[in-house]
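K.L.:
Below are the chains, spelled out letter by letter.
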Amino acid sequence: MNNYVLITIIIFYLVMLFFIAFWAEKNSKSKWINNPIVYTLSLGVFCSAWTYYGSVGVASTSGAEFLPTYLGPVIASPIFIVLLRKIMRISKHQRVASIADFISLRYGNNRFIGALVTITCLIAILPYISLQLKAISETYEIITLDSSSGKILTGSESIFTDSTFYIAVLLAIFASFFGTQTADTTDKHIGIVTTVAFESIIKLLFFLIIGVYVTFFIFDGTEDIYNQISQFKDVDTLTTFPDVYGGFNWFYMTVISFVAVFLLPRQFQMMVVENDRERYLKYVIWLFPLYLLLFNLFVIFIAWGGNLSIGDTANPDYYTILLPLKNGNIVLSLLVFLGGFSAVISMVVVSTIALSTMLSNNVIIPYGYLEVFRNTETERNNKYIKNIRRFSVFSLIIAAYLFYVNFSRELSLFSIGYISFVIIAQLAPSFFIGLYWNRGAARGAKAGIIIGLVVTFYSLILPLILNGFFNTNSFVEEGPFGIGLLRPYQLFGIDFLNPIAHAFFWSMFFNVAAYLSFSLMGSGNYRERNYAEMFVRSSNYSDLQEGAYVWKGEAYVSDLRRILERFLGVSKTERALELFYKKYDLPKDTVMADAKLVNFSEKLLIGSIGSSSARIIISNVVKEEPVSLPEVLQILEESKETIITNQFLKDKSEQLTRLTADLKRANEELIFQDKQKDEFLDTVSHELKTPITAIKASAEILIDDDEMSLEMRERFLNNIVEDTERLSKLIHNILDVEKLSSGREQLVIKEYDILKTIEEAIHFVTAEVNCKKVTIFNVVPPMSLKYDEDRIIQVFINLLSNAIKFVDESTGEIKIYLENFPEYVLIYVEDNGKGIPKEDFNYIFDKFYQSKNQNTKKPLGSGFGLAICKHIVESHGGSIWAYEFVEKGANFVVKLPR
Amino acid sequence: MKKILIVDDEPNIVMSLEYTLKRNNFEVFIARDGSEALEILKTNIPDLVLLDIMMPEVDGYETLKRIRLEEKLNDTKVVFLSAKNKASDIEKGLTLGAVKYITKPFSIKKIVSDINELLN
Numbered sequence: 001m002n003n004y005v006l007i008t009i010i011i012f013y014l015v016m017l018f019f020i021a022f023w024a025e026k027n028s029k030s031k032w033i034n035n036p037i038v039y040t041l042s043l044g045v046f047c048s049a050w051t052y053y054g055s056v057g058v059a060s061t062s063g064a065e066f067l068p069t070y071l072g073p074v075i076a077s078p079i080f081i082v083l084l085r086k087i088m089r090i091s092k093h094q095r096v097a098s099i100a101d102f103i104s105l106r107y108g109n110n111r112f113i114g115a116l117v118t119i120t121c122l123i124a125i126l127p128y129i130s131l132q133l134k135a136i137s138e139t140y141e142i143i144t145l146d147s148s149s150g151k152i153l154t155g156s157e158s159i160f161t162d163s164t165f166y167i168a169v170l171l172a173i174f175a176s177f178f179g180t181q182t183a184d185t186t187d188k189h190i191g192i193v194t195t196v197a198f199e200s201i202i203k204l205l206f207f208l209i210i211g212v213y214v215t216f217f218i219f220d221g222t223e224d225i226y227n228q229i230s231q232f233k234d235v236d237t238l239t240t241f242p243d244v245y246g247g248f249n250w251f252y253m254t255v256i257s258f259v260a261v262f263l264l265p266r267q268f269q270m271m272v273v274e275n276d277r278e279r280y281l282k283y284v285i286w287l288f289p290l291y292l293l294l295f296n297l298f299v300i301f302i303a304w305g306g307n308l309s310i311g312d313t314a315n316p317d318y319y320t321i322l323l324p325l326k327n328g329n330i331v332l333s334l335l336v337f338l339g340g341f342s343a344v345i346s347m348v349v350v351s352t353i354a355l356s357t358m359l360s361n362n363v364i365i366p367y368g369y370l371e372v373f374r375n376t377e378t379e380r381n382n383k384y385i386k387n388i389r390r391f392s393v394f395s396l397i398i399a400a401y402l403f404y405v406n407f408s409r410e411l412s413l414f415s416i417g418y419i420s421f422v423i424i425a426q427l428a429p430s431f432f433i434g435l436y437w438n439r440g441a442a443r444g445a446k447a448g449i450i451i452g453l454v455v456t457f458y459s460l461i462l463p464l465i466l467n468g469f470f471n472t473n474s475f476v477e478e479g480p481f482g483i484g485l486l487r488p489y490q491l492f493g494i495d496f497l498n499p500i501a502h503a504f505f506w507s508m509f510f511n512v513a514a515y516l517s518f519s520l521m522g523s524g525n526y527r528e529r530n531y532a533e534m535f536v537r538s539s540n541y542s543d544l545q546e547g548a549y550v551w552k553g554e555a556y557v558s559d560l561r562r563i564l565e566r567f568l569g570v571s572k573t574e575r576a577l578e579l580f581y582k583k584y585d586l587p588k589d590t591v592m593a594d595a596k597l598v599n600f601s602e603k604l605l606i607g608s609i610g611s612s613s614a615r616i617i618i619s620n621v622v623k624e625e626p627v628s629l630p631e632v633l634q635i636l637e638e639s640k641e642t643i644i645t646n647q648f649l650k651d652k653s654e655q656l657t658r659l660t661a662d663l664k665r666a667n668e669e670l671i672f673q674d675k676q677k678d679e680f681l682d683t684v685s686h687e688l689k690t691p692i693t694a695i696k697a698s699a700e701i702l703i704d705d706d707e708m709s710l711e712m713r714e715r716f717l718n719n720i721v722e723d724t725e726r727l728s729k730l731i732h733n734i735l736d737v738e739k740l741s742s743g744r745e746q747l748v749i750k751e752y753d754i755l756k757t758i759e760e761a762i763h764f765v766t767a768e769v770n771c772k773k774v775t776i777f778n779v780v781p782p783m784s785l786k787y788d789e790d791r792i793i794q795v796f797i798n799l800l801s802n803a804i805k806f807v808d809e810s811t812g813e814i815k816i817y818l819e820n821f822p823e824y825v826l827i828y829v830e831d832n833g834k835g836i837p838k839e840d841f842n843y844i845f846d847k848f849y850q851s852k853n854q855n856t857k858k859p860l861g862s863g864f865g866l867a868i869c870k871h872i873v874e875s876h877g878g879s880i881w882a883y884e885f886v887e888k889g890a891n892f893v894v895k896l897p898r
Numbered sequence: 001m002k003k004i005l006i007v008d009d010e011p012n013i014v015m016s017l018e019y020t021l022k023r024n025n026f027e028v029f030i031a032r033d034g035s036e037a038l039e040i041l042k043t044n045i046p047d048l049v050l051l052d053i054m055m056p057e058v059d060g061y062e063t064l065k066r067i068r069l070e071e072k073l074n075d076t077k078v079v080f081l082s083a084k085n086k087a088s089d090i091e092k093g094l095t096l097g098a099v100k101y102i103t104k105p106f107s108i109k110k111i112v113s114d115i116n117e118l119l120n
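Residue numbers (UniProt numbering), protein chains in the order written: chain A, 1 to 898; chain W, 1 to 120.
These are computed hints drawn from the structure, not numbers from a lab.
Virtual Cβ for every residue (Gly too), placed ideally from N, Cα, C.
No false leads were slipped in.
Simulated coverage check for chain A against chain W, where a stretch passes if three residues somewhere in it have a Cβ under 8 Å from a Cβ of chain W: (1) 683 to 694; (2) 704 to 714; (3) 719 to 726.
Sequences and hints are given; from them, build the entire structure.
P.N.:
Here it is, written out as structure tokens:
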């Protein structure tokens with residue numbers, strides 16, 4: 001085919017892809033784009049030129065060995081729903097933009113790990129991209145030369161006359177244009193996703209067409225091919241395993257691709273970064289295997305067909321394109337070329353976008369360009385970031401091209417593809433174990449990845465280099481310095497695995513061992529453990545991510561705002577902060593940022609500049625204090641659900657115990673009060689009945705006895721009057737004490753002279769004093785105090801009456817005196833009577849207490865006196881008590897506030 | 001002439017009882033509390049004791065217990081006169097050996113007829 005016609009077709013095809021990408025960006029909400037089928041098809045990026053051409057090559061030489069590459073993803077897809085959902089959730093919350101972000105975040109946002117993962121991906125993917133270019137270049141030449149020989153040409157003399165170079169540049173333009181529309185890498189690249197989906201349809205469709213063509217048109221159906229090939233070759237070796245070791249190989253190859261389907265940057269980009277709809281997963285688990293199955297349907301027949309009609313005269317990798325060509329069907333071979341071209345474009349574009357994101361976010365910005373960003377404006381920052389990415393995309397593709405020109409021409413698609421997978425697989429322990437084991441530590445991840453890479457280099461890449469450049473095989477055959485145990489393909493005597501499976505086995509062995517042992521050697525810092533906790537316990541992730549963040553220190557909101565504005569712009573920052581304030585119900589003029597806000601800001605920045613850079617920039621304005629280990633442990637421990645539950649139960653149980661004790665106390669109190677009330681009522685009824693009995697008896701006598709003397713009659717009548725008075729006084733006191741104790745009594749507090757008040761009280765008891773010939777010494781000075789005079793008089797009348805009751809006739813003395821203090825006064829009423837019996841001391845202020853030591857013939861008083869006094873004094877804010885150890889008599893003290 | 005001892009700390013009640021009993025031809029002794037009553041009982045053996053319960057120092061129950069310890073007072077009947085009218089109090093009084101338990105307030109005529117009944 002004419003060179004220019006093909007170039008025109010290629011350009012036309014690329015323009016169509018541009019158009020599709022543009023259309024998708026414009027109609028980003030369309031249901032044609034947002035559906036599980038498009039998502040699944042975008043995962044078809046897994047099928048690169050390796051699948052398209054390489055599988056056939058492998059199938060034709062080694063039979064079923066091509067299958068593990070697809071079996072791995074097929075086996076993986078059912079667990080997508082568990083594993084991928086977890087990964088998606090974490091990535092969405094943490095705004096993860098690449099696999100490097102994901103792994104470095106898991107280990108406490110470790111800058112070094114981010115860079116390490118990026119470098120690992122770079123080493124793995126760059127040759128892989130160069131392979132794709134190689135496939136393009138070779139198929140291009142096959143078609144343009146219209147040769148059915150399939151002889152591999154050595155390429156053009158100069159880069160600039162090499163059409164592959166221009167195709168590479170076109171791909172770079174496409175990738176950088178649609179891959180860097182916004183600076184925020186977590187924004188979706190809808191255009192890219194849609195074109196990838198479209199290309200997945202194209203490549204599958206064309207591959208199926210060629211499959212049908214070969215099987216049913218060149219040959220006479222599957223049976224025909226089988227019959228023919230079985231005469232020509234030993235089919236059994238192509239369709240069965242030779243022995244158990246073959247099975248081992250098969251197993252390891254399957255595991256490698258299982259791991260790769262998660263870890264290849266382009267897969268992570270499509271599965272996680274470009275999609276956050278968990279509900280699509282339930283479609284993907286059957287649609288994706290179906291896609292892979294369809295893709296592999298005709299592989300073996302094309303391979304056998306190629307074997308039969310072309311044989312060893314050409315590279316079996318290109319049977320797909322050579323078969324129609326040989327049969328003179330140029331249109332069909334063009335379709336095959338375009339299918340392969342589609343596979344290449346999607347792989348190269350998505351890989352370079354993913355790699356450029358990692359390169360800029362995890363290497364270039366955190367390690368070099370940070371200073372530039374701190375002091376410049378939003379616009380210019382975004383431009384810088386975009387430029388860095390564009391530059392990365394271009395240099396990646398150019399580097400891949402150069403790699404292709406210099407190294408890849410001699411290697412088969414399949415082997416380089418698997419080397420990539422083995423290198424990428426070095427991330428697997430840190431990635432998968434880290435998702436479920438919270439003790440996995442940064443130092444373990446570093447050690448594992450590095451040692452895994454070293455082993456891979458030793459057992460896979462070094463022999464290849466030595467073989468390719470120095471043409472020496474002694475290293476492979478005899479080992480370094482002739483040490484047999486260290487032969488790179490038979491390390492430590494394991495000689496039954498193919499080099500790929502062998503390298504995978506040993507690198508994983510050392511990787512996992514290093515990861516586990518270094519992780520167990522000690523615990524990481526608080527940050528690391530916190531992230532570990534978040535990743536492992538991602539189910540209640542949203543609780544953890546802002547809340548459990550262990551952070552001590554201070555930051556100003558204005559500083560954070562300034563930084564956010566620089567990267568997100570004023571309006572986006574404003575919106576984000578507003579949402580944040582609303583969520584946590586904070587005032588808008590908050591000055592100091594708390595841990596949540598710091599974390600929130602950091603997360604916002606991760607989308608733009610990657611996690612490591614965001615961390616560094618934020619820590620610049622945040623004065624962080626070291627959090628002590630015990631504090632961290634405490635928080636981590638407490639965050640564990642079981643302990644929370646235990647704690648909760650313990651608290652509840654303690655609460656219950658307390659409550660029970662309270663109830664018991666309250667109950668006892670009630671019983672006591674009830675008993676007291678009973679006793680009170682008993683006493684009241686007794687006290688009321690006594691005068692009533694006397695009155696009734698006297699009245700009865702007066703009615704019945706007509707002959708009674710006038711004098712007797714008068715005495716009985718007097719008794720009635722006396723008892724009636726007693727009764728009314730009693731009732732008055734009962735009501736009084738109830739009123740006082742229930743607090744219904746309103747005091748009338750005014751300023752009075754305490755001396756006058758006491759003299760008043762003395763005046764009230766004059767009759768009793770005279771009757772008993774008691775002497776009262778009042779030495780209280782005149783002094784102004786605030787109280788309810790009537791009530792205080794009542795207090796002193798009671799105290800004086802009591803004293804009079806208990807002193808002896810004639811010798812009785814009562815002393816009243818006052819002590820003055822700044823805050824209060826103490827007024828003493830002291831007598832030389834019988835005193836208070838020891839056993840009664842605790843009861844004298846109780847209602848109805850009546851001393852047995854009364855010295856009158858008949859006990860006077862109701863037993864309410866001191867109880868009333870106590871209420872009155874206490875309602876004045878004072879107190880009343882009696883001195884227990886006095887030589888003779890009683891000494892009551894009234895304390896009144898000044 | 002039958003002898004009656006009145007033991008009560010309420011002078012007005014004592015006065016009514018004394019007056020009425022004397023008019024009904026009883027010889028009356030008076031004590032204002034338990035210990036005074038026991039003092040009187042050392043030298044006198046009344047036919048009947050009217051005993052209040054709630055008194056200072058030695059109460060009615062205690063007094064009755066001590067009366068029951070004296071052999072010479074075996075024939076002396078004791079009647080409680082009390083404002084305590086709970087069933088438990090009454091029961092306690094009767095088990096201690098009182099022949100009757102009269103609650104206050106009482107009818108003075110009823111007391112006289114009760115006493116007459118008890119002593120005949």
